[in-house]
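Undergrad: Residue strings, one per chain:
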Amino acid sequence: MTKPTTTSGNIGLQIEQALIFELNTSGSTAVDLPAAPKVRTRLGNLKNDKPIGLPGLSEPEVVRHYTRLSQKNYSIDTGFYPLGSCTMKHNPRLNEKMARLPGLADIHPFQPESTAQGAYELIDTLAHWLKTLTGMPAVAMSPAAGAHGELCGLMCIRAAHEANGQGARKTILVPESAHGTNPATAALCGYQVESVPATADGHVDVAALKAKLGPTVAAVMITNPNTCGLFETECIAIADAVHAAGAYFYMDGANFNALVGRVRIADLGVDAMHINLHKTFSTPHGGGGPGAGPTVLSKALADYAPVPFVVHDGKKFMVEEHAGFGAAAKSYGRMKGFQGQFGVFVRALSYILAMGADGLRQASGDAVLNANYLRARLSAELTPAFKGICMHEVVFDDEWLKGTGVTTLDVAKALIDEGFHPMTMYFPLVVHGALLMEPTETESKSTLDQFIASLLALARKAKQGDQAEWFKGAPYLAPRRRLDETRAARKPILRWQPVEAAAPVAKQAAE
Amino acid sequence: MGQLRFTKDHEWVLVEGNTATVGITTYAQGQLGDIVFVEVPAAGKDLKAGSEAAVVESVKAASDVYAPITGAVTEGNALLPDAPETVNTDPQGAGWFFKMTIANPAEVEALMDQAAYDKYLAEIG
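Line order of the protein sequences matches chains A and B.
For the first sequence, the working numbering assigns the number 513 to the last residue and increments by one with no breaks.
For the second sequence, the working numbering assigns the number 131 to the last residue and increments by one with no breaks.
Where hints are given, some of them may not hold.
To be verified - Listed next, the in silico EDC-like pairs over lysine to aspartate or glutamate satisfying Cα-Cα at most 20 Å (straight line): (1) B:54 - A:196; (2) A:493 - B:88; (3) A:493 - B:40; (4) A:474 - B:40; (5) B:105 - B:88; (6) A:493 - B:45; (7) A:214 - B:91; (8) A:214 - A:236; (9) B:14 - A:178; (10) A:214 - A:196; (11) A:317 - A:115; (12) A:389 - A:178; (13) B:125 - B:115; (14) A:133 - A:18; (15) B:14 - B:124; (16) A:465 - A:399; (17) A:172 - B:124; (18) A:133 - A:468; (19) B:105 - B:22; (20) B:51 - B:91; (21) B:54 - B:40; (22) A:74 - A:487; (23) A:404 - B:129; (24) B:14 - A:196; (25) A:493 - B:129; (26) A:389 - A:236; (27) B:125 - B:15; (28) A:301 - A:322; (29) A:493 - B:91.
Claimed, not checked - Take a look, some chain B residues computed to stay more than 12 Å from chain A by CB distance: (30) 21; (31) 45; (32) 48; (33) 51; (34) 65; (35) 66; (36) 76; (37) 91; (38) 98; (39) 119; (40) 121.
In case anyone wonders, no lab produced these hints; they're calculated from the structure.
Virtual Cβ for every residue (Gly too), placed ideally from N, Cα, C.
Okay, chain B solo, but in the shape it has when bound (with noise of 0.2 Å):
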């Protein structure tokens, strides 16, 4: 089980050893609603922190999800344009947006982690 991180834009990422996996949280998906387009970045694209990296669309609205962190993407989940709803159904599993690289560990750091994603979700509910 690798190291879980949080952003203010509600994308969660998964470090393992050298490779990230990003997504939306469970939180951003029951904002959004239902998910009816993803678009998710091609192998080897490259992020800057805080970048637009992919596309999510749902009934009510098309939002960016940016890159939490610095680095190349290596793959694209290949399930999301056929199955957007899977975003709905499992955000923090199968319904994972893009690996990455991690140029600057330093970057994940900042990031929050658990307890205080869940503290600032309470702060804004």
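The shape of chain A in the complex, shown without the other chains (with noise of 0.2 Å):
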């Protein structure tokens, strides 16, 4: 049973909403157009011959249905979103002022370079603060979002291999611990993935690493914190180990928000790395914006960095935009439009000088702070996977649940009712039911702590016994109740159809 069972369709003030199509009242308008003069076609014997299906609505029946349609939508504005992984953090308001001003909401690329000295400065500057977050030489500014700098920093890998002879390396090494994207990443480039193992403890097995490395291997990506939650503490070997073995160590860097003003990425000795702006310096994402990835680069790939990037003369800023030439002679080419996502780097800039060294160091001891706090609390029920402190994200396994016959994804469907986006589940794939939790610095203790009890009170009700069949029945009081995610993933419906009765109207118009 998933339809609410009022006479209305309505739950309280949630209101049913049908598709806009479905609404549609033939001829009614919400603008009152002067009828299309009869004007001599140059389309040849093209007729149209049915109506085109555009629903009839008018304002206020258009107004009400996409206001409705964003009251469903959950984000971080509304509320807890520990999406592990995910770094659902809060956006300042003040990010979105800044990104507001006109002379940087309405430039256009295409703009004389004299004209655009401020936004150059500003890329300029946001280059320098992550260079300076990270210690590293470079930065390339362009990729437009996570996988995107992947890409960016393994193009930068290849071209680097392939300028010093190094061109048959064909391998990447990725351990079961990375992000999912890391090894469709490699496959995109063309390389070969292989898989590291794990230890028992969540870490990569940096002996079987070893064993892998050798003169095919052209690169070790590894995400740091790992997706278990743990940071990395091999780092410093692996990378030594890495570039004895000739090959270059890239480091995911999404959940760079637990090491901010804490570890500085090229004492690691990281080759390249991604920053997920759109999580670690607070814009909108997850369907509320685009991202960007900017790609620090060590001393060994700068010089291979994608064009365009900015460069100061000592009077001006320039572009440099053409690869093969001047600084950009070694450079592997272009890999998007213009800049990148100067939006998004507004924003960045925005809450970098906002929160100052003092600001940025806090917040990623609060991320971390907070994630341990969850731990600790709702280990009294569920069972950590992982023995331990962990960094900016918690994960659970399904233990804690055996012999309950419910499942991760029950209680995860009962926190909707609870008003709480769930947790991502059964991610990381190596540990089992996984619940992985990412609460970010932006919770206050008050919504921890409200979690926490609806969390505990689940397990405390799926261990009674005897609750599987009621776990199976959430969310109870969602729009929605339990989705068939089976059947939308076999036979999905990707678009509205009109229904038949539609036919005669189209012959009427053709006659």
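Join these two chains into a complex; the hints should help.
TA: Structure representation (structure tokens):
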């Protein structure tokens, strides 16, 4: 049962809303346009012989339709969003105010350089702080998102290998605890992916990794902190071994929010790392806006960075546009039009300058503290997948559900009734029935306490026994009950189609 | 009735003459949950023992299916791309993934038999 049971279909003030095409009242319109003038058609014999299918609605109907849809959206502005590995942190409104300044919002990438000096300075200043925060000598600003930044890093690595006569290196090593985008990026870049196992305590198996290093390995990609929420403590030893084998060390920086102001990435021996500005530096994401994935580069890779990039000649900012010339002599080329996601740059720099060095350092500390607060208190009923403290996210396995008939999925669905967006489920794959939670520094203790109380109550209910049926029915209070995810994946309906009754209308129009 | 063997990655191998039929076990499909997508290898593809051979995706996760032995694919199960649920309903029968040649019979011998696999399941249980 997925439909509400009221006569109207509404639940309280949550209004049931049909698709806009189903609301069609032929002839209704929000605007009163003059009749189209009769003119000679220049389309030859091509005539529109049936209605094009746009729905007819009045203005209040349209306004209500989209307002109601927007109210069905759950976002970080609505409530706690503990989705793991996503860093769903607050986007300060100051960021938005800065991004809307006319001088930043209304510029165009084709403007003459002399009229966009402020924008170039902004990009250069953000690049400066990203380099300072990571200790890395260079950064490619143009990648449009995290995985795009990974691709940028691997393309720099490939270009460096080719320039050094090492083009035969065709393998990338990726641990099981890496982000799923890592092997995907390596494959897209034309590399063979080899998996490196994790140890029982959730870290990269360094001995297994070293055993796989050799003359065919181009790079190793390591997510740090990894998707088990753990800091890879052997990073320096890994980097040394990787470099000794002639390969490069890529670090996935999606979880940089745990490290800002505390770890200098350069000190770990990293050659390339992307930074998700839309996670760590607070710009909106998750259906809320574009990302940006600037990639910091070591000295060994810096020369291969993609164009365009901003340079300063001592008097003014300029853009290096063409690979093969000047400062871009060794650049591997262009991977994105224009400068990157400029609007995201404005927000990220706004965040960095508003927080200051002390604020950034406190944010990463609070993010780790919050995750450990969840770990410590939820351990009363749930089973942590790994011993000891975690970083910015905490993962539980489903050992505590054993014998209850209740699954990780059921718990997540029941959390919806409690008013929380569920955590990440069944990821990382190395943890059985994983529940992965990342509270970020955004959440107050009172929010975390409310979440903890809800989840512990559900855990106790599950353990009472005979509750499997109740859990299978959750959520009970959401606009929709349990959705049939299997059928949605196997037989997806991807677009609305008119019912057959529309046929006579088309015929009439043709006559 | 041929010889049935199992891998630690929960693939089964049924050896009949010179052909091995490969699929995932009842236990594996139960762990994956409802299977929504299957990609099987095309005939002629050379496989090395332990290499990625097929892809199986459930509502929970996407996983690789590894070649249990070395050989060449002779047939992918054409039923699965359109009816992935067969892997749930009949994992060790109609839900087979692919058939392959057997380059080295000793590799088959090294795999677990039913009793050893049952014991393995009890251990990881």
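Undergrad: Does each hint hold? Answer for all of them.
TA: Against the structure, the hints:
With a C-alpha separation of about 14 Å, the suggested pair residue 54 (chain B) and residue 196 (chain A) falls inside the 20 Å cut-off, and the hint holds. Using a Cα cut-off of 20 Å, the hinted pair residue 493 (chain A) and residue 88 (chain B) holds, with the two alpha carbons roughly 10 Å apart. For the given pair, residue 493 (chain A) sits about 13 Å from residue 40 (chain B) by alpha-carbon distance, which is consistent with the 20 Å threshold. Proximity of residue 474 (chain A) to residue 40 (chain B) is assessed by CA-CA distance (about 15 Å); at most 20 Å being required, the pair is judged to hold.
Distance restraint check for residue 105 (chain B) and residue 88 (chain B): the Cα-Cα separation of roughly 18 Å lies within the 20 Å cut-off, and the hinted pair is therefore satisfied. Between residue 493 (chain A) and residue 45 (chain B) the alpha-carbon distance is near 16 Å, which keeps this suggested pair within the 20 Å criterion. Simply put, residue 214 (chain A) and residue 91 (chain B) have alpha-carbon atoms about 37 Å apart, too far for the 20 Å limit, and the pair is violated. Of the pairs offered as hints, the one joining residue 214 (chain A) and residue 236 (chain A) holds, with about 16 Å between alpha carbons and a cut-off of 20 Å not exceeded.
A distance of roughly 17 Å separates the Cα atoms of residue 14 (chain B) and residue 178 (chain A); the hinted pair therefore holds under the 20 Å criterion. The hinted pair formed by residue 214 (chain A) and residue 196 (chain A) meets the criterion: a straight-line CA distance of about 9 Å does not exceed 20 Å. Pair hint residue 317 (chain A) plus residue 115 (chain A) holds up; C-alpha atoms about 13 Å apart against a cutoff of 20 Å. Between residue 389 (chain A) and residue 178 (chain A), the direct Cα distance comes to roughly 19 Å. Compliance with the 20 Å bound is thereby established for this hinted pair.
Annotation: proposed proximity of residue 125 (chain B) to residue 115 (chain B) holds, straight-line Cα distance about 17 Å (limit 20 Å). The hinted pair formed by residue 133 (chain A) and residue 18 (chain A) fails the criterion: a straight-line CA distance of about 50 Å is larger than 20 Å. With a CA separation close to 11 Å, the supplied pair residue 14 (chain B) and residue 124 (chain B) stays within the 20 Å bound. Taking the CA atoms of residue 465 (chain A) and residue 399 (chain A), the gap is about 15 Å. The hint holds against a cut of 20 Å.
Proposed proximity of residue 172 (chain A) and residue 124 (chain B) is contradicted: the alpha carbons are some 39 Å apart, above 20 Å. As the CA atoms of residue 133 (chain A) and residue 468 (chain A) are separated by approximately 56 Å, the hinted pair breaks the 20 Å bound. With a CA separation close to 10 Å, the supplied pair residue 105 (chain B) and residue 22 (chain B) stays within the 20 Å bound. For the suggested pair residue 51 (chain B) and residue 91 (chain B), the alpha carbons sit about 25 Å apart, so the restraint of at most 20 Å is broken.
Taking the CA atoms of residue 54 (chain B) and residue 40 (chain B), the gap is near 28 Å; set against the 20 Å cutoff, the hint is violated. Annotation: proposed proximity of residue 74 (chain A) to residue 487 (chain A) holds, straight-line Cα distance about 19 Å (limit 20 Å). Straight-line distance between C-alpha atoms of residue 404 (chain A) and residue 129 (chain B) comes to about 16 Å, which keeps the hinted pair within the 20 Å bound. Restraint check for residue 14 (chain B) and residue 196 (chain A): satisfied, since their Cα atoms lie roughly 18 Å apart, inside the 20 Å limit.
Annotation: proposed proximity of residue 493 (chain A) to residue 129 (chain B) is violated, straight-line Cα distance about 37 Å (limit 20 Å). Of the supplied pair hints, the one linking residue 389 (chain A) and residue 236 (chain A) holds, its CA atoms being roughly 17 Å apart against a limit of 20 Å. Distance restraint check for residue 125 (chain B) and residue 15 (chain B): the Cα-Cα separation of roughly 14 Å lies within the 20 Å cut-off, and the hinted pair is therefore satisfied. Distance restraint check for residue 301 (chain A) and residue 322 (chain A): the Cα-Cα separation of roughly 19 Å lies within the 20 Å cut-off, and the hinted pair is therefore satisfied.
The suggested pairing of residue 493 (chain A) with residue 91 (chain B) holds, with an alpha-carbon distance near 12 Å, which does not exceed 20 Å. Distance check on residue 21 (chain B): its Cβ is at least 27 Å (rounded) from any Cβ of chain A, clearing the 12 Å threshold; non-interface status holds. Distance check on residue 45 (chain B): its Cβ is at least 14 Å (rounded) from any Cβ of chain A, clearing the 12 Å threshold; non-interface status holds. Look at residue 48 (chain B): its CB is around 18 Å from the nearest CB on chain A, clear of 12 Å, so calling it non-interface holds up.
With a least CB separation of 15 Å from chain A, residue 51 (chain B) remains clear of the 12 Å interface cut-off, as annotated. A cut-off of 12 Å between C-beta atoms contradicts the statement that residue 65 (chain B) is not in contact with chain A; the least separation is 5 Å. With a least CB separation of 4 Å from chain A, residue 66 (chain B) falls inside the 12 Å interface cut-off, contrary to its annotation. Residue-level check passed: residue 76 (chain B) sits 17 Å from the nearest beta carbon of chain A, beyond 12 Å.
Not every CB of chain A lies more than 12 Å from the CB of residue 91 (chain B), the least distance being 7 Å, so the non-interface label is violated. Distance check for residue 98 (chain B) against chain A: the nearest CB is about 21 Å away, which clears 12 Å, and the non-interface claim stands. Here residue 119 (chain B) stays apart from chain A, with its beta-carbon at least about 26 Å from theirs, past the 12 Å limit. Residue-level check passed: residue 121 (chain B) sits 25 Å from the nearest beta carbon of chain A, beyond 12 Å.
Consistency note: the structure conflicts with the earlier hints numbered 7, 14, 17, 18, 20, 21, 25, 34, 35, 37.
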